[in-house]
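A.B. asks: One-letter residues, chain by chain:
2 protein chains.
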Amino acid sequence: MNLNRYRIGAGAKLKLKAFDPADTNGIEDKKQIEDEQKELLERLEEQQERLFASRSHGMLIVFQGMDCSGKDGVIKKVFRGIDPGGFRAHSFKKPTEEEAQHDFLWRTHRSVPARGQMAAFNRSYYEEALITRVHGTIDDKEARRRLKSIRHFEDMLESQRIRVLKFFLHISPEFQLEKIRDRMENPEKWWKFDPSDLEERKHWKAYQDAYEDAIRRTATDASPWHVVPADNRWFRNYAVLRTLVEELEKLELSYPQPRRDVAVRMEELKEGGSSEKS
Amino acid sequence: MNLNRYRIGAGAKLKLKAFDPADTNGIEDKKQIEDEQKELLERLEEQQERLFASRSHGMLIVFQGMDCSGKDGVIKKVFRGIDPGGFRAHSFKKPTEEEAQHDFLWRTHRSVPARGQMAAFNRSYYEEALITRVHGTIDDKEARRRLKSIRHFEDMLESQRIRVLKFFLHISPEFQLEKIRDRMENPEKWWKFDPSDLEERKHWKAYQDAYEDAIRRTATDASPWHVVPADNRWFRNYAVLRTLVEELEKLELSYPQPRRDVAVRMEELKEGGSSEKS
Numbered sequence: 001m002n003l004n005r006y007r008i009g010a011g012a013k014l015k016l017k018a019f020d021p022a023d024t025n026g027i028e029d030k031k032q033i034e035d036e037q038k039e040l041l042e043r044l045e046e047q048q049e050r051l052f053a054s055r056s057h058g059m060l061i062v063f064q065g066m067d068c069s070g071k072d073g074v075i076k077k078v079f080r081g082i083d084p085g086g087f088r089a090h091s092f093k094k095p096t097e098e099e100a101q102h103d104f105l106w107r108t109h110r111s112v113p114a115r116g117q118m119a120a121f122n123r124s125y126y127e128e129a130l131i132t133r134v135h136g137t138i139d140d141k142e143a144r145r146r147l148k149s150i151r152h153f154e155d156m157l158e159s160q161r162i163r164v165l166k167f168f169l170h171i172s173p174e175f176q177l178e179k180i181r182d183r184m185e186n187p188e189k190w191w192k193f194d195p196s197d198l199e200e201r202k203h204w205k206a207y208q209d210a211y212e213d214a215i216r217r218t219a220t221d222a223s224p225w226h227v228v229p230a231d232n233r234w235f236r237n238y239a240v241l242r243t244l245v246e247e248l249e250k251l252e253l254s255y256p257q258p259r260r261d262v263a264v265r266m267e268e269l270k271e272g273g274s275s276e277k278s
Numbered sequence: 001m002n003l004n005r006y007r008i009g010a011g012a013k014l015k016l017k018a019f020d021p022a023d024t025n026g027i028e029d030k031k032q033i034e035d036e037q038k039e040l041l042e043r044l045e046e047q048q049e050r051l052f053a054s055r056s057h058g059m060l061i062v063f064q065g066m067d068c069s070g071k072d073g074v075i076k077k078v079f080r081g082i083d084p085g086g087f088r089a090h091s092f093k094k095p096t097e098e099e100a101q102h103d104f105l106w107r108t109h110r111s112v113p114a115r116g117q118m119a120a121f122n123r124s125y126y127e128e129a130l131i132t133r134v135h136g137t138i139d140d141k142e143a144r145r146r147l148k149s150i151r152h153f154e155d156m157l158e159s160q161r162i163r164v165l166k167f168f169l170h171i172s173p174e175f176q177l178e179k180i181r182d183r184m185e186n187p188e189k190w191w192k193f194d195p196s197d198l199e200e201r202k203h204w205k206a207y208q209d210a211y212e213d214a215i216r217r218t219a220t221d222a223s224p225w226h227v228v229p230a231d232n233r234w235f236r237n238y239a240v241l242r243t244l245v246e247e248l249e250k251l252e253l254s255y256p257q258p259r260r261d262v263a264v265r266m267e268e269l270k271e272g273g274s275s276e277k278s
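Taken in order, these protein sequences are the chains called A and B. Each step along the first sequence adds one to the number in my numbering, with nothing skipped, and position 193 is 193. Each step along the second sequence adds one to the number in my numbering, with nothing skipped, and position 60 is 60.
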């Protein structure tokens with residue numbers, strides 16, 4: 001099976017409508033991938049250790065998507081086995097007054113991982129060309145200027161060996177409504193319910209257009225977007241996990257060679273051992 | 001008098017050799033500018049207050065130059081009267097191990113001022129395409145790639161209303177030697193003496209070439225470089241101060257209009273006052 005159909009590279013004429021949010025790439029039942037999922041989690045752990053040890057690359061994983069598309073959920077499921085010493089999740093809400101006074105890349109850049117580290121962004125600098133555009137705080141011209149700055153920013157990161165993986169969690173409006181209802185009707189889920197979700201929902205079409213434009217303008221071959229069907233949570237998690245593992249393995253990360261002085265000291269230890277005997 | 005001759009805009013074929021480090025733009029004695037200097041400091045205070053109040057722009061002032069070119073000195077002299085609530089000076093030394101693991105813009109971006117604020121950088125992200133290039137830690141291709149990223153970064157800041165002012169403090173090798181000698185021979189100045197300055201001095205030509213290339217590739221009309229003759233400290237301070245004030249005044253910063261509710265409350269207060277009387 002191949003996840004390339006969800007990969008949006010440079011120059012792609014993306015139409016979100018052409019992607020079915022309920023698609024599962026031919027997999028009929030989540031039981032079919034249970035074993036593979038387990039194996040993928042092990043490979044992820046292995047890769048993260050190599051990344052941490054080699055310090056050759058950093059890995060930034062950006063999650064974007066409509067409300068209820070499962071950004072929190074996917075982070076929880078995919079990274080559950082990972083060493084927290086080498087991984088951080090960052091969630092970006094409405095900017096504080098101080099943050100809003102800065103250039104729009106300032107607050108997120110602080111959280112971009114170093115080489116050796118991985119970080120997941122739950123929302124990101126992309127919001128500054130999405131929510132602001134939909135609500136008319138910035139016009140189309142400013143949105144395009146920001147998207148260009150984002151492309152330059154990600155180019156810089158890539159050239160500095162910070163890989164940028166971008167996921168758009170693609171859901172249908174029906175799926176979203178079901179989740180909102182669920183949150184409203186279920187007392188244990190009230191804490192998740194945000195009345196503004198109902199307001200934002202009215203702008204569905206404008207958001208889809210803004211996403212389409214953002215993805216088109218920032219999809220490059222070095223840093224493509226992945227449009228992941230997300231109406232089925234199990235498939236969403238599987239597609240993200242597998243893409244991430246495959247991208248990490250492409251880096252061919254290896255453990256660093258033992259330092260020369262380690263070898264010398266081992267030799268000394270051995271000699272010391274034998275001289276004591278003689 | 002006009003300081004435009006020191007301004008390097010887009011496409012300029014800069015030759016540092018064509019600039020005399022001892023030039024004083026026809027001013028024979030620093031006494032000639034004493035009154036103007038005083039007036040400039042007052043205008044700077046005024047402009048900084050407007051910047052702070054209006055929050056419409058930020059101002060980043062980058063100082064680069066060889067060892068002993070007076071980066072510390074100029075910051076001390078130019079910004080002495082400024083409100084520390086709206087200004088910060090940042091000095092960038094050798095990156096820590098943690099910083100070095102990040103992309104090369106990470107540590108400096110954190111210190112880029114917000115709108116309403118001013119910041120002076122004593123050395124900056126430019127070092128990542130200067131000292132590294134001279135010492136061969138990065139090759140020419142990587143240096144050019146970084147300079148391109150810097151241009152994109154500054155473009156983004158400008159479009160976000162963070163103005164970037166760049167000064168190259170231009171000294172002669174003879175002036176530098178005199179300063180180093182001074183530091184070695186003068187017990188009260190020993191703390192300023194760094195033996196590596198003598199080492200770095202051997203790479204004078206390579207540094208001049210690296211600066212020339214860096215300035216050419218990052219001078220834009222929105223964010224030009226200013227090559228300031230710095231063998232005379234008084235002229236260096238004067239040229240920097242005047243350029244800074246003129247750039248701030250170009251922004252036509254105004255105090256914000258009183259908020260509507262202030263007017264309403266004033267009205268209430270007046271009415272309350274009269275009703276008490278009646």
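A hint or two may mislead.
[Unchecked claim] Below, a sample of chain A positions facing chain B; criterion: calculated Cβ distance under 8 Å:
(1) 2
(2) 82
(3) 96
(4) 101
(5) 102
(6) 103
(7) 106
(8) 110
(9) 112
(10) 114
(11) 160
(12) 165
(13) 172
(14) 174
(15) 175
[As the list claims (entries may be wrong)] Calculated cross-link-like contacts (lysine to any residue; reagent style SDA-like; alpha-carbon spacing at most 25 Å):
(16) 93/A - 110/B
(17) 141/B - 202/A
(18) 94/A - 151/B
(19) 93/B - 159/A
(20) 94/B - 202/A
(21) 148/B - 94/A
(22) 13/B - 199/B
(23) 141/A - 13/B
(24) 31/B - 45/B
(25) 93/A - 56/B
(26) 17/A - 270/A
(27) 94/B - 42/B
(28) 93/A - 111/B
(29) 141/A - 151/B
(30) 141/A - 221/B
(31) 94/B - 116/A
(32) 250/B - 101/A
(33) 148/B - 134/B
(34) 250/B - 12/A
(35) 141/B - 101/A
(36) 148/B - 222/A
(37) 202/A - 22/A
[What the hints assert, rightly or not] Beta-carbon label-pair distances, calculated as ranges:
(38) 246/B - 136/A: 53 to 59 Å
(39) 30/A - 96/B: 25 to 31 Å
(40) 31/A - 98/B: 55 to 61 Å
It should be emphasised that the hints constitute simulated quantities derived from the structure, not laboratory data. Virtual Cβ for every residue (Gly too), placed ideally from N, Cα, C.
A.B. asks: Work down the list of hints and note, for each, if the structure agrees.
C.D. replies: Verification of the hints:
no.	hint	result
1	2	violated (32 Å)
2	82	violated (18 Å)
3	96	violated (11 Å)
4	101	holds (4 Å)
5	102	holds (5 Å)
6	103	holds (4 Å)
7	106	holds (6 Å)
8	110	holds (6 Å)
9	112	holds (6 Å)
10	114	holds (4 Å)
11	160	holds (4 Å)
12	165	violated (16 Å)
13	172	violated (35 Å)
14	174	violated (38 Å)
15	175	violated (36 Å)
16	93/A - 110/B	holds (19 Å)
17	141/B - 202/A	violated (49 Å)
18	94/A - 151/B	violated (29 Å)
19	93/B - 159/A	holds (23 Å)
20	94/B - 202/A	violated (51 Å)
21	148/B - 94/A	violated (31 Å)
22	13/B - 199/B	violated (30 Å)
23	141/A - 13/B	violated (32 Å)
24	31/B - 45/B	holds (22 Å)
25	93/A - 56/B	holds (23 Å)
26	17/A - 270/A	violated (68 Å)
27	94/B - 42/B	violated (35 Å)
28	93/A - 111/B	holds (22 Å)
29	141/A - 151/B	holds (20 Å)
30	141/A - 221/B	holds (21 Å)
31	94/B - 116/A	holds (20 Å)
32	250/B - 101/A	holds (21 Å)
33	148/B - 134/B	holds (18 Å)
34	250/B - 12/A	violated (43 Å)
35	141/B - 101/A	violated (35 Å)
36	148/B - 222/A	holds (17 Å)
37	202/A - 22/A	holds (21 Å)
38	246/B - 136/A: 53 to 59 Å	violated (36 Å)
39	30/A - 96/B: 25 to 31 Å	violated (46 Å)
40	31/A - 98/B: 55 to 61 Å	violated (44 Å)
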